[in-house]
Amino acid sequence: MNKTTSWFNVTSLVVGFAFLYVPILILVVYSFNASKLVTIWGGFSTRWYVELVHDQAIMDAAWVTMRVGILSASFATVLGTMAALVLDRYRKFHGRALFSGMVYAPLVMPEVITGLSLLLLFVAIGFDRGFWAVVIAHTTLTMCFVAVVVQSRLVTLDRSLEEAALDLGCPPVKTFFLITLPLILPGVVAGWMLAFTLSLDDLVIASFSTGPGATTLPIKIYSMVRLGVTPEINAISTILISVIAVGVIVASVLSHRSQVEKEKAERAVFLGG
Amino acid sequence: MIEAVGPIKRKFAPWNDPTLKPFIRFENVTKRFGDFTAVDNLTLDIYEREFFALLGPSGCGKTTLMRMLAGFEQPTEGRILLDGKDLSGIPPYKRPANMMFQSYALFPHMTVEGNIAFGLKQEGMDTADINTRVAEMLELVKLEKFAKRRPHQLSGGQRQRVALARSLAKRPKVLLLDEPLGALDKKLREETQFELMDIQVELGMTFLIVTHDQEEAMTVSDRIAVMNHGVIAQIGTASEIYEQPASRYVADFVGDINLIDGTVSAVENGVATLRCAGVDATIQAETGKGEVAVGAEAGFAIRPEKVHISLEAPPAGAPNVLAGEVWDIGYLGDISVYRVRLAGGSIVKATVANLTRMVERPITWEDKVFLTWPADAGVLLLK
Ligand SMILES: Nc1ncnc2c1ncn2[C@@H]1O[C@H](COP(=O)(O)OP(=O)(O)OP(=O)(O)O)[C@@H](O)[C@H]1O
Ligand SMILES: [Mg+2]
Chain E
1 MNKTTSWFNV TSLVVGFAFL YVPILILVVY SFNASKLVTI WGGFSTRWYV
51 ELVHDQAIMD AAWVTMRVGI LSASFATVLG TMAALVLDRY RKFHGRALFS
101 GMVYAPLVMP EVITGLSLLL LFVAIGFDRG FWAVVIAHTT LTMCFVAVVV
151 QSRLVTLDRS LEEAALDLGC PPVKTFFLIT LPLILPGVVA GWMLAFTLSL
201 DDLVIASFST GPGATTLPIK IYSMVRLGVT PEINAISTIL ISVIAVGVIV
251 ASVLSHRSQV EKEKAERAVF LGG
Chain F
1 MIEAVGPIKR KFAPWNDPTL KPFIRFENVT KRFGDFTAVD NLTLDIYERE
51 FFALLGPSGC GKTTLMRMLA GFEQPTEGRI LLDGKDLSGI PPYKRPANMM
101 FQSYALFPHM TVEGNIAFGL KQEGMDTADI NTRVAEMLEL VKLEKFAKRR
151 PHQLSGGQRQ RVALARSLAK RPKVLLLDEP LGALDKKLRE ETQFELMDIQ
201 VELGMTFLIV THDQEEAMTV SDRIAVMNHG VIAQIGTASE IYEQPASRYV
251 ADFVGDINLI DGTVSAVENG VATLRCAGVD ATIQAETGKG EVAVGAEAGF
301 AIRPEKVHIS LEAPPAGAPN VLAGEVWDIG YLGDISVYRV RLAGGSIVKA
351 TVANLTRMVE RPITWEDKVF LTWPADAGVL LLK
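Residue numbers (the working numbering), protein chains in the order written: chain E, 1 to 273; chain F, 1 to 383.
It is possible that some hints are incorrect.
Only pairs whose alpha carbons sit at most 27 Å apart, straight line, appear in this in silico DSSO-like list of lysine-lysine [as the list claims (entries may be wrong)]:
hint : chain 1 : residue 1 : chain 2 : residue 2
1    : F       : K383      : F       : K306
2    : F       : K145      : F       : K186
3    : F       : K148      : E       : K174
4    : F       : K306      : F       : K289
5    : F       : K289      : F       : K383
6    : F       : K121      : E       : K174
7    : F       : K383      : F       : K349
8    : E       : K174      : F       : K94
9    : F       : K173      : F       : K11
10   : F       : K145      : F       : K121
11   : F       : K173      : E       : K174
12   : F       : K173      : F       : K85
If you are wondering where the hints come from, they were derived from the structure by calculation, not from laboratory data.
Kindly produce the complete structure, drawing on both the sequences and the hints.
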């Protein structure tokens, strides 16, 4: 490592981080503002958080968001893990390239397009927009992220472990639950966390598929902001940021740990000969 | 320990009994990976209760053969029969064979105990019986103290022993061992070899073992197949392979051998006379079963321990004499290896047992020596 920190490096680091985090920091600080005026500091207070709890509309939206997040992340984890298994296992089936391209496409697809096409689909098949439509839409959005995370874990899995289980008389489905799943679990959990946080902060796709009684928190915040920024919004945003930060940190710790484990195992094999 | 299995083994030769059906039969099996042929039209019979060894250089298809028997690879052509039944279409978890993987394939999220018990649990064995069997296996591989450890907390040799215990625990009808003892030290390896032989006889199992260690193959197995590039070069008992190699490849691969090239100058009463211009000698050898034509190119193969080295010249004109000069002496404790340089420059090895305690040996560097051997000591190998 370069020991002499040049002024240039320090400056670019500070500027870069300031660019990223100063807006968020201001939001967090002002959520503890005693004054009702967003731009004037009136001393420290947690009154906006207390008021939040009494705001039934916001609490409802938060509850919808939680349920959508948990359900869609769970569906996405099952589907994404299955997609990752197929991509990892059947290396030579017809149309594999197309399939893997299609699994990964939503990663880069503009959200507006995904949202619009889902909206058209729901209208076409006469599926009522509302809670379940948002769940399905978020499952679609997030399963490819799960597939990517789980697949990177599967690549490091030694296939002979599954063969050994089969050889010892364990049928394939049981082998998946006894051997494969425990070994890829960190990836699966990380995938779930990622899907959950993506679902929490999605506005675009949710607003395409939402309906009466299914207002998620981002939609609620967005509509409130149009009437003016209040300290209450700062408070709810701060909570959202904390939840997402925790989710992302847990996900990255899990994938980092699996990386470390893998290296440790490789070293052990190398030393063991 | 040797005595325990010796007498049983000696009488055991089901491959010579035409009324017996083979237990495992590879029938014209070919395995291709893309356009690479790993196993080439191979036919092999293994009998019940046999300890069968596969010997061959790296990449010759030994593991592939085992994986086909275990059900992880399907033969491209041909079929594999077990106890008369075609195995094709039977998945690995329904085959009565267990395999010890060359890479061990221990489950990293289970303890040593958990690994060994895994197969027994799949069978639906009682917990009490499982515990007894696991304890038995741990004792066998001398890992009682490590029962609660995870695989990554073990040394390479310890992991290998866990893999061995795990594959043995179910007492399968057929056990496939892919280099089971390679990571063990010599003493532990020899002990485990004899343990394996005991278990195999006691439980009446059929063992198929892959090993790179010829001595190991000869010690443990009833018969050995020497493989080369996906085909079997020779099948036979250890002494058949060692004393009557069928080809130069086998002679060269198994043990140490001297190969002397020449041309057949006469064949009489089953004895061929070989004129070896390169080393200026005439060698006589039995022709064996094959037809030997006068004028054919042939090689004479003789093991170093069958070559007699002496300072005194044999009667002039006698066959089977090579004259040379001691080029190098290797002292190995129990034996000494003399490397003798012949007239043409080629080297012939002769080993002599060190029967007496002497620091000075009568034959030493640069001595003129004569190499002789009994008429039936070597074999004729046609090109
Ligand atoms: N899945 C596969 N795809 C392509 N080639 C393969 C595959 N498995 C094995 N081979 C090739 O088949 C040949 C035989 O492999 P195999 O593993 O049977 O060798 P081996 O005799 O067990 O060697 P070693 O003593 O080194 O273990 C090798 O050349 C190997 O590269
Ligand atoms: Mg191998």
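Right, here's what the structure says about each hint:
| no. | hint | in the structure |
| --- | --- | --- |
| 1 | F:K383 <-> F:K306 | 23 Å, holds |
| 2 | F:K145 <-> F:K186 | 22 Å, holds |
| 3 | F:K148 <-> E:K174 | 24 Å, holds |
| 4 | F:K306 <-> F:K289 | 22 Å, holds |
| 5 | F:K289 <-> F:K383 | 15 Å, holds |
| 6 | F:K121 <-> E:K174 | 12 Å, holds |
| 7 | F:K383 <-> F:K349 | 22 Å, holds |
| 8 | E:K174 <-> F:K94 | 14 Å, holds |
| 9 | F:K173 <-> F:K11 | 21 Å, holds |
| 10 | F:K145 <-> F:K121 | 22 Å, holds |
| 11 | F:K173 <-> E:K174 | 23 Å, holds |
| 12 | F:K173 <-> F:K85 | 14 Å, holds |
In the structure shown, no violation is registered for any of the earlier numbered hints.
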